[in-house]
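> Chains as they are written, first to last, in the numbering used here: chain S, 1 to 291; chain W, 1 to 291; chain X, 1 to 254; chain H, 1 to 254.
The set of hints was computed from the structure by calculation and includes no laboratory data.
Careful: at least some of the hints might be erroneous.
To be verified - Here are a few chain X residues that face chain S, going by a calculated C-beta distance under 10 Å:
#1 Q42
#2 P51
#3 G75
#4 S208
#5 I222
#6 P223
#7 G227
#8 W249
Virtual Cβ for every residue (Gly too), placed ideally from N, Cα, C.
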Amino acid sequence: MSFPPAIRRKFWGHDFSSPVMLASGTAGFGEELLDLKCLSGVGAVVSKAVTLKPREGNLPPRLLETPFGLLNSIGLANPGVHHVLNCILPAAAALPCPFLINVAGESVDEFADVVNILEDSSVHIGYEINVSCPNVAEGGTAFGVDPEVVLRVAQGVSRVTDRPFSVKLTPNGGDIVQSAEAAVEGGASAVTVCNTFLGMHIDWKTGKSVIRRKVAGYTSPALLPLVVAKVWQVSNAVSVPVISSGGVSRGEDVLQLLAAGAQMVQVGTRLMRRPFAASELMDEMKKLTGE
Amino acid sequence: MSFPPAIRRKFWGHDFSSPVMLASGTAGFGEELLDLKCLSGVGAVVSKAVTLKPREGNLPPRLLETPFGLLNSIGLANPGVHHVLNCILPAAAALPCPFLINVAGESVDEFADVVNILEDSSVHIGYEINVSCPNVAEGGTAFGVDPEVVLRVAQGVSRVTDRPFSVKLTPNGGDIVQSAEAAVEGGASAVTVCNTFLGMHIDWKTGKSVIRRKVAGYTSPALLPLVVAKVWQVSNAVSVPVISSGGVSRGEDVLQLLAAGAQMVQVGTRLMRRPFAASELMDEMKKLTGE
Amino acid sequence: MTVPRDFDCVVKHREQVLCGVVKTVFDCAEIASHALPGQFVQIEPSPDVFPVTRRPITINRLTGNGFELLFDVVGSGTELMAQMRPGDTVRVLGPLGRGWAIDPGSSWLLIGGGLGAAGFQFLMNSVDSVTVLIGASGSDRVVPLDSCRVITEDGSAGEKGLVTALISEELLDGADSIAVCGPVAMMEAVWNTIPEKHRRKVQVSTESRMGCGWGVCDGCSIPVSGGGYKKCCREGPVFPGVEIDWKRWKEAGL
Amino acid sequence: MTVPRDFDCVVKHREQVLCGVVKTVFDCAEIASHALPGQFVQIEPSPDVFPVTRRPITINRLTGNGFELLFDVVGSGTELMAQMRPGDTVRVLGPLGRGWAIDPGSSWLLIGGGLGAAGFQFLMNSVDSVTVLIGASGSDRVVPLDSCRVITEDGSAGEKGLVTALISEELLDGADSIAVCGPVAMMEAVWNTIPEKHRRKVQVSTESRMGCGWGVCDGCSIPVSGGGYKKCCREGPVFPGVEIDWKRWKEAGL
Ligand SMILES: Cc1cc2nc3c(=O)[nH]c(=O)nc-3n(C[C@H](O)[C@H](O)[C@H](O)COP(=O)(O)OP(=O)(O)OC[C@H]3O[C@@H](n4cnc5c(N)ncnc54)[C@H](O)[C@@H]3O)c2cc1C
Ligand SMILES: Cc1cc2nc3c(=O)[nH]c(=O)nc-3n(C[C@H](O)[C@H](O)[C@H](O)COP(=O)(O)OP(=O)(O)OC[C@H]3O[C@@H](n4cnc5c(N)ncnc54)[C@H](O)[C@@H]3O)c2cc1C
Ligand SMILES: Cc1cc2nc3c(=O)[nH]c(=O)nc-3n(C[C@H](O)[C@H](O)[C@H](O)COP(=O)(O)O)c2cc1C
Ligand SMILES: Cc1cc2nc3c(=O)[nH]c(=O)nc-3n(C[C@H](O)[C@H](O)[C@H](O)COP(=O)(O)O)c2cc1C
Ligand code: FES
Ligand code: FES
Numbered sequence: 001m002s003f004p005p006a007i008r009r010k011f012w013g014h015d016f017s018s019p020v021m022l023a024s025g026t027a028g029f030g031e032e033l034l035d036l037k038c039l040s041g042v043g044a045v046v047s048k049a050v051t052l053k054p055r056e057g058n059l060p061p062r063l064l065e066t067p068f069g070l071l072n073s074i075g076l077a078n079p080g081v082h083h084v085l086n087c088i089l090p091a092a093a094a095l096p097c098p099f100l101i102n103v104a105g106e107s108v109d110e111f112a113d114v115v116n117i118l119e120d121s122s123v124h125i126g127y128e129i130n131v132s133c134p135n136v137a138e139g140g141t142a143f144g145v146d147p148e149v150v151l152r153v154a155q156g157v158s159r160v161t162d163r164p165f166s167v168k169l170t171p172n173g174g175d176i177v178q179s180a181e182a183a184v185e186g187g188a189s190a191v192t193v194c195n196t197f198l199g200m201h202i203d204w205k206t207g208k209s210v211i212r213r214k215v216a217g218y219t220s221p222a223l224l225p226l227v228v229a230k231v232w233q234v235s236n237a238v239s240v241p242v243i244s245s246g247g248v249s250r251g252e253d254v255l256q257l258l259a260a261g262a263q264m265v266q267v268g269t270r271l272m273r274r275p276f277a278a279s280e281l282m283d284e285m286k287k288l289t290g291e
Numbered sequence: 001m002s003f004p005p006a007i008r009r010k011f012w013g014h015d016f017s018s019p020v021m022l023a024s025g026t027a028g029f030g031e032e033l034l035d036l037k038c039l040s041g042v043g044a045v046v047s048k049a050v051t052l053k054p055r056e057g058n059l060p061p062r063l064l065e066t067p068f069g070l071l072n073s074i075g076l077a078n079p080g081v082h083h084v085l086n087c088i089l090p091a092a093a094a095l096p097c098p099f100l101i102n103v104a105g106e107s108v109d110e111f112a113d114v115v116n117i118l119e120d121s122s123v124h125i126g127y128e129i130n131v132s133c134p135n136v137a138e139g140g141t142a143f144g145v146d147p148e149v150v151l152r153v154a155q156g157v158s159r160v161t162d163r164p165f166s167v168k169l170t171p172n173g174g175d176i177v178q179s180a181e182a183a184v185e186g187g188a189s190a191v192t193v194c195n196t197f198l199g200m201h202i203d204w205k206t207g208k209s210v211i212r213r214k215v216a217g218y219t220s221p222a223l224l225p226l227v228v229a230k231v232w233q234v235s236n237a238v239s240v241p242v243i244s245s246g247g248v249s250r251g252e253d254v255l256q257l258l259a260a261g262a263q264m265v266q267v268g269t270r271l272m273r274r275p276f277a278a279s280e281l282m283d284e285m286k287k288l289t290g291e
Numbered sequence: 001m002t003v004p005r006d007f008d009c010v011v012k013h014r015e016q017v018l019c020g021v022v023k024t025v026f027d028c029a030e031i032a033s034h035a036l037p038g039q040f041v042q043i044e045p046s047p048d049v050f051p052v053t054r055r056p057i058t059i060n061r062l063t064g065n066g067f068e069l070l071f072d073v074v075g076s077g078t079e080l081m082a083q084m085r086p087g088d089t090v091r092v093l094g095p096l097g098r099g100w101a102i103d104p105g106s107s108w109l110l111i112g113g114g115l116g117a118a119g120f121q122f123l124m125n126s127v128d129s130v131t132v133l134i135g136a137s138g139s140d141r142v143v144p145l146d147s148c149r150v151i152t153e154d155g156s157a158g159e160k161g162l163v164t165a166l167i168s169e170e171l172l173d174g175a176d177s178i179a180v181c182g183p184v185a186m187m188e189a190v191w192n193t194i195p196e197k198h199r200r201k202v203q204v205s206t207e208s209r210m211g212c213g214w215g216v217c218d219g220c221s222i223p224v225s226g227g228g229y230k231k232c233c234r235e236g237p238v239f240p241g242v243e244i245d246w247k248r249w250k251e252a253g254l
Numbered sequence: 001m002t003v004p005r006d007f008d009c010v011v012k013h014r015e016q017v018l019c020g021v022v023k024t025v026f027d028c029a030e031i032a033s034h035a036l037p038g039q040f041v042q043i044e045p046s047p048d049v050f051p052v053t054r055r056p057i058t059i060n061r062l063t064g065n066g067f068e069l070l071f072d073v074v075g076s077g078t079e080l081m082a083q084m085r086p087g088d089t090v091r092v093l094g095p096l097g098r099g100w101a102i103d104p105g106s107s108w109l110l111i112g113g114g115l116g117a118a119g120f121q122f123l124m125n126s127v128d129s130v131t132v133l134i135g136a137s138g139s140d141r142v143v144p145l146d147s148c149r150v151i152t153e154d155g156s157a158g159e160k161g162l163v164t165a166l167i168s169e170e171l172l173d174g175a176d177s178i179a180v181c182g183p184v185a186m187m188e189a190v191w192n193t194i195p196e197k198h199r200r201k202v203q204v205s206t207e208s209r210m211g212c213g214w215g216v217c218d219g220c221s222i223p224v225s226g227g228g229y230k231k232c233c234r235e236g237p238v239f240p241g242v243e244i245d246w247k248r249w250k251e252a253g254l
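Please model the entire structure based on the sequences and the hints provided.
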């Protein structure tokens, strides 16, 4: 790698003028992005998680802001793969950039089943396999921490699609390098490092958590050094590209993650506050590097 | 438990008017605390890590501040257990509050060896067994993530002392609840949740980490929700008291950790900025609870 | 639906009104010319990184060249917003959401609780015939409106009691549309007071903790009848009362 | 050693001096009455939670009722400090560390590089006989001192060249003590210029990234001869030149 890292790059055989991907669950299925016309500077969009059956998601409140970050407990709310395939994906075809579908499941087989159904669409360039959602009882974090399960999920997906896929790993326990290696062994064409960190806020006056599932997914720009460390460790261990996810709020954060070994860099929480985050990050990066 | 949590509490049979402990590595061996007369509001002091042989610690720079936190790579610098026993502990006897000695080792046996030597002193009420330092090659994080190793370390310590000891766990991989259970099985009288999170900062212009060991221990007030979640999980799983460590910068943070299940609450990074942090936290807590 | 946009708006006026409530006027011709009653804006409380999300506030009324907000100072975000002074530039995304569904020529009954009446003036200015009922804890919490009937819990302004006491069969009969806005418990009480046959006329303006405010995060869900959720920020904040699953909404306890 | 204490100091004066350098004067009778030349203070750049550590700055000189700092704006902490204005209250811990070891009646040679000369005025005021050599990149980086010989890299003030060029056998012979302060590379060059026989007279003022500044964290280690480290904040920042392990110090590249 050369430094400063190049902003333009190749990923899964495509040319990207921007390394910025919009993270799963913070960009919907693209409809609102198209409405707001906030796709300038966006390298790729990752859909929110799709599961086999429709999921209502968790009972509100689903969000809680702490002084330095955000707790979310969405619970993979989505209308199910059939509705996504028939009613939502056609509109996503209008996106001016590559589109990835984030896939979740409650059992090892469900991931492949969902992918298999989505194969009928040609809108997306590939998948992100989410074995790491901290906000569901089944198929979430517990899957991601076990390399054996990661391997089987990846193998299952490999069998039903020729499109590239990334496995999105968890920072919540286990050994992320081992899970990344298992994903690659199972046929993953990338790994996403990483999903949200398990966090919690308790009201000391009552001892209660506002979030009903008690623990939730925590995001914060202050987590950047944790993500940098994991991206660096994983990208030194595996041969496939690493997609970073977490901690980005400034152009220099993206550059730092690229320097740490990320091939593409996702932005989530910042996008929720700044619909034009990708374009703003690109401007900042270009100013910093002169590229 | 009743809410708001009581500020006065019992721990290891002692009465504490303050739950605030000064965390290992951020309070020296007490000498500077005595010099600055900043011990008001301090429930207990934990010494910096003591190892069998003297350790120089890592080549500087050992610290790097990021926008929202601090990376440290001290490397368990300490003059070795014999020097500590003979030349340093006698002065710590002047501390007006209970004193714990933080013990580290490069092998399973070394922990017990160090404790065994320290048994000659009567200055300390107990130990904190540090199986989780992220800044050393041997005996650090790798120990803490393996419940089997935690069990053997705890058993070894149990055999050589009748004093109570806490095992300080790592947030960097593995399953912290399993490690906590192993510590208790091995005879630990408490667990400390948790040591610093692995973090990294890379200069995007050069691709280099300023810290020589590349990854370092990261602390930040923004990590509080991660520590709250772990304290809640561990305190629901084990019968011994949990000492929290990490993320405290305000009185309400201490109250939140107590509400999450911590029996005592350590403060580290904040103390470095505010020598009188314990007294300030106590004032804030008393104002909030009216206790 | 108008497309919301992200503007750097200049604060024109700032005033402490009522108890703990701040009125802030922003210049922004584009938001002013597109906004509809019941819509809201997403305010960036600080240009700093924290807080990581914006704060949703209903457009209280339009001014010549901009819009006015009325907000309660309840936490760190609104505290930062309370410090905004004339001349400050603030990032504002808007106008957002679906406001009140207004049939031309319809007559309206507006029922507001506390700060929930923020936004009623805008609605009043946009309909031909309107009766307004306002309940508040005390006189210092009554949102100033051109004309309204007031009732307060402590009797310090208007009658003494809860707003439900002002609702009469006659008023309900006379209205084509009924707008309700206030704390969830107040809205539920109003809903329960309104007889079945009038409920189809009711619209309620909901609130939820928001992440994005523009529909991408699914954080602002409101439970709807027949199961499932709708997004407060995009499919709301105004919903037909019959669409709300009042039981689950109360259970959520937002 | 005086015990440092934590004070809320009021900013009395603030001025931009030199290029990118700010001079700030604080009121604090207690620090002023206890401080010794070469000691430093730990400044809280902001009352906010971030940054999580303070910033160490040498006491440049005492004023009637307080002390003056001279600092380079190099990053976020010093940028915040540059915004401090007269009337602001700032948390300051001090005086900290060990300053210059001064034998009564001794004559001094002071060799400073750039902002390293901040603090020299305090030392000059405290000794009887003194010669001062200052090197800087250009005239806009020469710390103002009562009297000194200046050399600049671009020749814009004094002679043209590096400060080592001003060091002569005569000056070294005439000094009982030699004080060196500046960037590590400059200090090393000075050290290498000074012949062995004069080296015992040399004291150097070191710098290191600091966590606490009061001795508890072991973050500020300076490599010393014979192996191991000493704490810049407590055993330093001034050390006898012979005590420094120059090779490892350079390797650390602070
Ligand atoms: C569509 C919409 C329109 C709104 N219009 C107005 C308005 O015109 N005037 C006004 O004063 N307030 C309005 N609110 C509520 C306002 O957004 C919240 O009071 C504000 O976000 C609180 O931010 P904070 O940081 O000060 O409080 P926090 O510290 O985040 O929380 C303080 C308290 O406010 C509650 N709260 C936090 N966020 C929200 C939220 N998004 N919705 C409801 N309650 C919340 C919390 O439960 C907590 O009890 C509106 C909310 C929505 C969703
Ligand atoms: C005992 C002591 C006395 C000092 N006296 C003065 C003084 O009188 N005037 C003055 O201008 N500066 C002085 N410094 C240096 C000053 O402390 C740093 O410039 C300051 O801490 C940088 O903070 P920042 O947040 O602005 O920079 P950062 O963003 O933290 O860093 C910017 C650059 O400064 C370097 N740096 C950061 N912290 C330190 C540090 N503690 N020591 C050395 N370099 C650092 C970094 O390597 C980086 O290149 C002194 C340092 C010490 C240790
Ligand atoms: C509101 C919200 C919803 C999310 N939903 C999903 C999801 O459905 N699938 C997924 O893989 N990750 C999900 N995530 C995680 C993000 O994709 C991303 O990995 C994470 O937010 C870290 O990036 P950030 O720090 O930029 O926010 C969600 C995050 C947030 C904040
Ligand atoms: C400079 C520094 C040195 C530390 N040294 C040790 C150590 O020697 N032994 C140990 O168990 N923990 C050590 N820690 C971890 C702290 O004891 C504490 O667990 C951690 O800082 C989290 O608390 P905080 O967020 O309040 O800082 C160190 C932390 C810091 C910042
Ligand atoms: S707040 Fe994000 S979808 Fe409504
Ligand atoms: S800065 Fe903490 S010991 Fe010197």
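> Could you check if G75 (chain X) really has its C-beta closer than 10 Å to a C-beta on chain S?
Result: holds, 9 Å to nearest chain S Cβ.
> Double-check I222 (chain X) for me: the hint is only fine if its C-beta lies closer than 10 Å to a C-beta in chain S.
holds, 8 Å
> Hint W249 (chain X) vs chain S: min CB-CB distance below 10 Å?
holds, 8 Å
> Interface hint check: S208 (chain X), Cβ to nearest Cβ on chain S, cutoff 10 Å. Holds or violated?
Constraint on S208 (chain X) satisfied, holds at 6 Å.
> Mind checking the CB of P223 (chain X) against every CB in chain S and telling me if the closest is under 10 Å?
holds, 8 Å
> Does Q42 (chain X) pass the interface hint, meaning its C-beta sits closer than 10 Å to a C-beta of chain S?
holds, 8 Å
> Go through the hint on P51 (chain X) and say holds or violated, using the shortest Cβ distance to chain S against 10 Å.
holds, 6 Å
> Taking the closest Cβ pair, is G227 (chain X) under 10 Å from chain S?
holds, 7 Å
Checked against the numbered hints listed earlier, the structure breaks none of them; every hint is satisfied.
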